[in-house]
Amino acid sequence: MTCEHVTERLDDYLDGELAEDAFQEVELHLASCPACREEERSLRAVVERAAVLPRHQDPPRDLWPEIAEEIASRRRFTMVSAVAARPAARWTAGLAAAATVVLAVWMVSRETRPEREIAGPAPQGSVQPIAAGRDGFAEAERDYQRATAELMAALGARRASLSPQTTATIDENLRVIDVALAEIRAALQSDPSSPRLGRLLASTHEKKIETLRRVLKLTT
Amino acid sequence: MSRSPACLEASFDRGGAIPEATPEDRRREEEPLIRRARDGDVAAFEQLYRDHVGRVFALCLRLAGDASLAEELAQEAFVRAWQKLGSFRGESAFGSWLYTLTVNTALSERRSRRRRTSRVVTTDDLSAFDRPGRPARPEHRFDLERALAKLPPGARAVLVLHDVEGYKHQEIADMTGIAAGTSKAQLHRARRLLREALTR
Chain X
1 MTCEHVTERL DDYLDGELAE DAFQEVELHL ASCPACREEE RSLRAVVERA
51 AVLPRHQDPP RDLWPEIAEE IASRRRFTMV SAVAARPAAR WTAGLAAAAT
101 VVLAVWMVSR ETRPEREIAG PAPQGSVQPI AAGRDGFAEA ERDYQRATAE
151 LMAALGARRA SLSPQTTATI DENLRVIDVA LAEIRAALQS DPSSPRLGRL
201 LASTHEKKIE TLRRVLKLTT
Chain V
1 MSRSPACLEA SFDRGGAIPE ATPEDRRREE EPLIRRARDG DVAAFEQLYR
51 DHVGRVFALC LRLAGDASLA EELAQEAFVR AWQKLGSFRG ESAFGSWLYT
101 LTVNTALSER RSRRRRTSRV VTTDDLSAFD RPGRPARPEH RFDLERALAK
151 LPPGARAVLV LHDVEGYKHQ EIADMTGIAA GTSKAQLHRA RRLLREALTR
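As you go down the protein sequences, you meet chains X and V in turn. Residue 1 is where the first sequence starts when you use the numbering used here, and the numbers rise one by one after that. Residue 1 is where the second sequence starts when you use the numbering used here, and the numbers rise one by one after that.
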């Protein structure tokens, strides 16, 4: 057996995965070849060090509160989906859109967590980042809030004709979006020049507007 | 919340002085928790989280090479576990099922992130490993963790799963979707890169 053959088989040799005859051949070669013996020794040291690394490591903070929150929010999502799936519901499409928003908001809330890594390029999409800086965000927010207020007023005029269950579902979804917007604004307070947060703010406002538009269309 | 014997065992695995719970003990202890969690009992699921979070987080940390991403991945793994509990039939240990799900979560997130962005991972922040009460030769361990975090992601994943976690190549292939031969080739490469990094 040549040194090349031994090198090819060394991982299987170290892992005890060689058949008996191949194992014996490698052993024989190692006994007579100092270079391969050194190769085997140094690799074995790496494998042995990796094998004793602790497999248990507590996270730096308790992750449970966010997991519990996420479980609760997905339960709400399931409830919304169940209502939307009723065949006679006139609201099917509107509620499905709202359910999508719940998911989107969950993604937003994940994205607004502090990051340590260097951010990559902007994700592909139609949403343009709001101009960075406190002034840029404030100006863009005013536009979105104006548009939202008009739609909310139109929805308010139709509330009396909606069932309590439908109204509650809409309100719950809008509340979830508003919570996400508040989280993003809070993140922007500490990092006002972040283009990523600007994009998140814009996309979340647009989702709110889109949801309101679809709800209004379906109730007309 | 009180910590179960299973959690204590996890805190001392590999070299602890406390007698370890046998897999059968652990299974007996976990069965009622799993049943309750499957029926929607969040408190029971929280106990399962507390028993397993250390192992899940360590796995995520090594697969991700980044502490904050590891936190997200561990959270996502537990949320997915909650959603998929109905499909857990108890044919394997709950821990094995959960760790496989964690690996899938971490690797699918990596694929998805690779598509979306050219994220740069920090590899020098080892503060998450800087915890008390762990191994006898911390200087060796930190060198190794640092070198591991700098391996190419595919090679790192295979080395972590094979050499640290003890999975076989076929199991890695089943979990990751690569061929068993590719897993072997990645391990071959990873071990040599790791050796180079450690001898620099």
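The set of hints was computed from the structure by calculation and includes no laboratory data. From the three backbone atoms N, C-alpha and C, an ideal C-beta is built for every residue, glycine too. Some hints could be false.
[As the list claims (entries may be wrong)] Derived list of chain V stretches under chain X, where covered just means 3 residues or more per stretch with a C-beta under 8 Å from a C-beta of chain X: (1) 49 to 57; (2) 71 to 80; (3) 186 to 195.
[What the hints assert, rightly or not] Which residues of chain X face chain V? A partial, calculated answer using Cβ under 8 Å: (4) Asp-11; (5) Tyr-13; (6) Leu-18; (7) Ala-19; (8) Ala-51; (9) Pro-59; (10) Pro-60; (11) Glu-66; (12) Ala-68; (13) Leu-174.
Minimum beta-carbon distance criterion (8 Å), Ala-19(X) to chain V: For Ala-19(X), the interface hint is violated, since the closest Cβ of chain V sits about 15 Å away, which is over 8 Å.
Legend entry - Ala-51(X) as an interface hint toward chain V, with CB separation required under 8 Å: 6 Å, holds
query = Does Pro-60(X) pass the interface check with chain V, least Cβ-Cβ distance below 8 Å?
reply = 6 Å, holds
Next on the checklist: Is the interface hint satisfied for Pro-59(X)? The criterion is a beta-carbon contact with chain V at less than 8 Å.
Outcome noted: Holds: closest Cβ of chain V sits about 4 Å from Pro-59(X), inside 8 Å.
Restraint: Tyr-13(X) near chain V, CB-CB cut 8 Å. Satisfied or not? This hint is violated: Tyr-13(X) lies away from chain V, its Cβ roughly 12 Å from the closest one there, beyond 8 Å.
Does Leu-174(X) hold up as a contact with chain V if the rule is Cβ-Cβ below 8 Å? Check failed: Cβ of Leu-174(X) comes no nearer than 24 Å to chain V, outside 8 Å.
| said: Given a cut of 8 Å on the nearest C-beta pair, is the interface hint for Leu-18(X) held or broken against chain V? | reply: Hint violated; Leu-18(X) Cβ to chain V Cβ min 13 Å, cut 8 Å.
* Asked: Within the segment 71 to 80 of chain V, is the number of residues with a Cβ closer than 8 Å to a Cβ of chain X three or more?
  -> holds (count 6)
Would you say the segment 186 to 195 of chain V counts as covered by chain X, given the rule of at least 3 residues with C-beta under 8 Å?
holds (count 6)
- Query: Quick check: the segment 49 to 57 of chain V, covered by chain X? Criterion 3+ residues, Cβ under 8 Å.
  - Reply: holds (count 6)
- Query: Measuring from the C-beta of Glu-66(X) to each C-beta in chain V, is the shortest one below 8 Å?
  - Reply: 6 Å, holds
When the least beta-carbon distance from Asp-11(X) to chain V is tested against 8 Å, hint result
5 Å, holds
The structure fails hints 5, 6, 7 and 13 (numbered hints given earlier, in ascending order).
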